[in-house]
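Engineer: Here is how the chains run, residue by residue.
There are 2 protein chains.
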Amino acid sequence: MKKKPIEKLEELGFRVLEQIEKKTNPFLEIPIRSFSNIIYDEKTKKLILGEKTSKRYFLNIAHAKKFMQTLIIASKCKELLEENIHTSLRDMFYAVKRTLPNSNENTFDDQHKESDPIIEDLEVMLDVLREELHLNADIRGRVVGNVTIEDSGDIIHWDKLGSGGWAIPSNVEDIKFKRVEADFCLVVEKNAAWERLNEDKFWKKHNCILIGAQGQAARGIRRLIKRLNTEFNLPVYVFSDCDAYGWYIYSVIKAGSMNLAHTSEKLATPDAKFIGLTMSDITTYDLKKYTIKATQQDIKRATELLNYKWFQHPLWQRELKLMISKGYKAELEALTSKGFRFVSENYLPEKISKKDFLP
Amino acid sequence: MKKKPIEKLEELGFRVLEQIEKKTNPFLEIPIRSFSNIIYDEKTKKLILGEKTSKRYFLNIAHAKKFMQTLIIASKCKELLEENIHTSLRDMFYAVKRTLPNSNENTFDDQHKESDPIIEDLEVMLDVLREELHLNADIRGRVVGNVTIEDSGDIIHWDKLGSGGWAIPSNVEDIKFKRVEADFCLVVEKNAAWERLNEDKFWKKHNCILIGAQGQAARGIRRLIKRLNTEFNLPVYVFSDCDAYGWYIYSVIKAGSMNLAHTSEKLATPDAKFIGLTMSDITTYDLKKYTIKATQQDIKRATELLNYKWFQHPLWQRELKLMISKGYKAELEALTSKGFRFVSENYLPEKISKKDFLP
Numbered sequence: 000m001k002k003k004p005i006e007k008l009e010e011l012g013f014r015v016l017e018q019i020e021k022k023t024n025p026f027l028e029i030p031i032r033s034f035s036n037i038i039y040d041e042k043t044k045k046l047i048l049g050e051k052t053s054k055r056y057f058l059n060i061a062h063a064k065k066f067m068q069t070l071i072i073a074s075k076c077k078e079l080l081e082e083n084i085h086t087s088l089r090d091m092f093y094a095v096k097r098t099l100p101n102s103n104e105n106t107f108d109d110q111h112k113e114s115d116p117i118i119e120d121l122e123v124m125l126d127v128l129r130e131e132l133h134l135n136a137d138i139r140g141r142v143v144g145n146v147t148i149e150d151s152g153d154i155i156h157w158d159k160l161g162s163g164g165w166a167i168p169s170n171v172e173d174i175k176f177k178r179v180e181a182d183f184c185l186v187v188e189k190n191a192a193w194e195r196l197n198e199d200k201f202w203k204k205h206n207c208i209l210i211g212a213q214g215q216a217a218r219g220i221r222r223l224i225k226r227l228n229t230e231f232n233l234p235v236y237v238f239s240d241c242d243a244y245g246w247y248i249y250s251v252i253k254a255g256s257m258n259l260a261h262t263s264e265k266l267a268t269p270d271a272k273f274i275g276l277t278m279s280d281i282t283t284y285d286l287k288k289y290t291i292k293a294t295q296q297d298i299k300r301a302t303e304l305l306n307y308k309w310f311q312h313p314l315w316q317r318e319l320k321l322m323i324s325k326g327y328k329a330e331l332e333a334l335t336s337k338g339f340r341f342v343s344e345n346y347l348p349e350k351i352s353k354k355d356f357l358p
Numbered sequence: 000m001k002k003k004p005i006e007k008l009e010e011l012g013f014r015v016l017e018q019i020e021k022k023t024n025p026f027l028e029i030p031i032r033s034f035s036n037i038i039y040d041e042k043t044k045k046l047i048l049g050e051k052t053s054k055r056y057f058l059n060i061a062h063a064k065k066f067m068q069t070l071i072i073a074s075k076c077k078e079l080l081e082e083n084i085h086t087s088l089r090d091m092f093y094a095v096k097r098t099l100p101n102s103n104e105n106t107f108d109d110q111h112k113e114s115d116p117i118i119e120d121l122e123v124m125l126d127v128l129r130e131e132l133h134l135n136a137d138i139r140g141r142v143v144g145n146v147t148i149e150d151s152g153d154i155i156h157w158d159k160l161g162s163g164g165w166a167i168p169s170n171v172e173d174i175k176f177k178r179v180e181a182d183f184c185l186v187v188e189k190n191a192a193w194e195r196l197n198e199d200k201f202w203k204k205h206n207c208i209l210i211g212a213q214g215q216a217a218r219g220i221r222r223l224i225k226r227l228n229t230e231f232n233l234p235v236y237v238f239s240d241c242d243a244y245g246w247y248i249y250s251v252i253k254a255g256s257m258n259l260a261h262t263s264e265k266l267a268t269p270d271a272k273f274i275g276l277t278m279s280d281i282t283t284y285d286l287k288k289y290t291i292k293a294t295q296q297d298i299k300r301a302t303e304l305l306n307y308k309w310f311q312h313p314l315w316q317r318e319l320k321l322m323i324s325k326g327y328k329a330e331l332e333a334l335t336s337k338g339f340r341f342v343s344e345n346y347l348p349e350k351i352s353k354k355d356f357l358p
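For the record, the sequence lines run as chains A and B. First residue of the first sequence: 0, per numbering that gives the first Met the number 0; consecutive thereafter. First residue of the second sequence: 0, per numbering that gives the first Met the number 0; consecutive thereafter.
Some hints here could point you the wrong way.
Under 8 Å between C-beta atoms, here's a sample of chain A residues computed to sit facing chain B [to be verified]:
hint, residue
1, Ser151
2, Ala166
3, Glu194
4, Ala333
With a straight-line cut-off of 30 Å between C-alpha atoms, the simulated DSSO-like cross-links for lysine-lysine are [stated by the list, open to error]:
hint, chain 1, residue 1, chain 2, residue 2
5, A, Lys265, B, Lys200
6, B, Lys337, A, Lys3
7, A, Lys265, A, Lys175
8, B, Lys75, A, Lys204
9, B, Lys204, A, Lys175
10, B, Lys112, A, Lys292
11, B, Lys75, A, Lys337
12, A, Lys77, B, Lys200
13, A, Lys159, A, Lys350
14, B, Lys3, A, Lys159
15, B, Lys292, B, Lys350
16, B, Lys77, B, Lys22
17, A, Lys175, B, Lys177
18, A, Lys77, B, Lys204
19, A, Lys75, B, Lys203
20, B, Lys75, A, Lys203
21, A, Lys299, B, Lys112
22, A, Lys337, B, Lys77
23, A, Lys175, A, Lys45
24, A, Lys75, A, Lys65
25, A, Lys77, B, Lys337
26, B, Lys175, A, Lys204
27, B, Lys287, A, Lys64
28, A, Lys112, A, Lys7
29, A, Lys200, B, Lys77
No lab work stands behind these hints, which were simulated from the structure alone. Here the structure is a predicted model, which means the values were calculated and not measured. Ideal Cβ positions, reconstructed from N, Cα and C, are used throughout, including at glycine.
Taking the hints into account, I'd like the entire structure generated from these sequences.
Structural biologist: Structure follows, in structure tokens:
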């Protein structure tokens, strides 16, 4: 039986209490999240945390404040769970910021340097997603497809949402899938391309779930993709720009991200495949005239990707080297030079039928 | 009888044809969109364009390329309307970019410098929104409330969408409102605050339409607000951060924006009121400890607002001067220091019942 997040929080409190009663110096043991402990796991194809941990002591002048902050946040999370309230990282910062009595010392002075990292500490210590502690991340994304879900008591048909689609919430943990009749899941980096595909009813014609990510996929989107992939065995195809940033967006969906390596187990979808845009597409579809000169920054980023362990597949090495040697990139909209419906009627169907994906 | 956008495009073409047949130098007459022709209309409380126009001639070496570009885009828009396709500004750029036969001259080389401005020229020349030419703007925003709409053949109940809400499309021109039972419309700058309010079912308890803007309201959101306000007489309240940027977001919803003054007629909602956060709130709700030091940039922006004609109301002058003299600002999340449900259970209901709004 898997422990509930609230039980994990209570255990954390009891452990500290026990240490105090035993008159030992209370401490928390926290897996290290820095670069030195981030590993690309070749077996699962995910970025994960290694085994290194650090101890945070109460009776240590360098640790005491962080120790206090950790317990304050843990206690506030327990309150969120008990009252069944979800909130944001920013709200949490304001909820825990106060001046300690008879002092000029604040519990917290900065969200990004203090409360956010403590929340990530709790995630790794307790092996939970912050969403399970009712702390919502950024909200973005929209979805349509042959799916019916239940959420907060409402039955929502993703195939009856007109031109807008369902706005993906930051937290998809409690969504119940009542009917999933799609054959695959197509994730589109750009919302404008998503709208074009939705207008052409691409998801109906090709029986897929169409997700618009609006750039880097927010955690809610990544968790939704992961759930559709693991719970319903749906293949996942990602469609982004042909540049180092678009390709990295894909890799975050697939393998996880470096600064959130501890969440990969729940957010990464190693099954995901890349449908385009590729450097090879530029030749195949005669798009040279619609490419953009790569900036120094683009080349630098592509060179970094070239060295990442999760970009070592020969096909990706080839793409990255092509980009660096040719010195250009392309946006997915370049395909519109062939016609407004080219993406939905030619490019994507051809790629899918030929299984022309990058790993 | 109002002319349809496609008829306006055809007229434009026929006018040019006529000029050619008369062997005169073909020209287009275009209202000027630069700062010198932007007026704040005290009567309608909107930013609008003045009467100044310029002529763009075919037989003028400085105008010829732009003349050609205008006709290319106009013709492509006609194609969009005839085929009933909607697309983005970026897609339009790729659709019209090509090299002229037997030359090295491209029709377009840059979206932001060339095709986008031509599209704005067409908007003012034809008195249409780009959305009416089927060119979609940025997509953002989500909505819930006691409303049922029809969109693309689907019946969508905004009160049955769980934690996510309806994703607002870029184009809300063709949405049919089947049932609007709300008493007012609350626009929230930040999506995280929107999620919190949605979780508390604020819209159900206070019978309102709850719109999350995710920063500066996209055109689709502004048009939706405008339609709800004018077609259903719904009051509109805007809730943003207490800083010059949050207040400007409000003013764009209310009066329009300077770079899109020609769209104010269709996008601005002069009826809108500002519900918070204000500098006075910081005192009323004892939030001083949760303020943030204003940066030089913040003060500079507030000083600019102080001089804008649409911020001349004494109450706004007072707020702006307070911000500049005190040298701090606050985020709407500061209210969370009073409790996670303080905004939905205290702050907003109090403000609404006391009609404590800024104009």
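Engineer: Does each hint fit the structure? Answer for all of them.
Structural biologist: Evaluation of the provided hints:
| no. | hint | in the structure |
| --- | --- | --- |
| 1 | Ser151 | 4 Å, holds |
| 2 | Ala166 | 4 Å, holds |
| 3 | Glu194 | 6 Å, holds |
| 4 | Ala333 | 6 Å, holds |
| 5 | A/Lys265 - B/Lys200 | 29 Å, holds |
| 6 | B/Lys337 - A/Lys3 | 28 Å, holds |
| 7 | A/Lys265 - A/Lys175 | 17 Å, holds |
| 8 | B/Lys75 - A/Lys204 | 26 Å, holds |
| 9 | B/Lys204 - A/Lys175 | 25 Å, holds |
| 10 | B/Lys112 - A/Lys292 | 17 Å, holds |
| 11 | B/Lys75 - A/Lys337 | 13 Å, holds |
| 12 | A/Lys77 - B/Lys200 | 22 Å, holds |
| 13 | A/Lys159 - A/Lys350 | 27 Å, holds |
| 14 | B/Lys3 - A/Lys159 | 29 Å, holds |
| 15 | B/Lys292 - B/Lys350 | 26 Å, holds |
| 16 | B/Lys77 - B/Lys22 | 25 Å, holds |
| 17 | A/Lys175 - B/Lys177 | 29 Å, holds |
| 18 | A/Lys77 - B/Lys204 | 26 Å, holds |
| 19 | A/Lys75 - B/Lys203 | 27 Å, holds |
| 20 | B/Lys75 - A/Lys203 | 27 Å, holds |
| 21 | A/Lys299 - B/Lys112 | 27 Å, holds |
| 22 | A/Lys337 - B/Lys77 | 17 Å, holds |
| 23 | A/Lys175 - A/Lys45 | 26 Å, holds |
| 24 | A/Lys75 - A/Lys65 | 15 Å, holds |
| 25 | A/Lys77 - B/Lys337 | 17 Å, holds |
| 26 | B/Lys175 - A/Lys204 | 25 Å, holds |
| 27 | B/Lys287 - A/Lys64 | 24 Å, holds |
| 28 | A/Lys112 - A/Lys7 | 25 Å, holds |
| 29 | A/Lys200 - B/Lys77 | 22 Å, holds |
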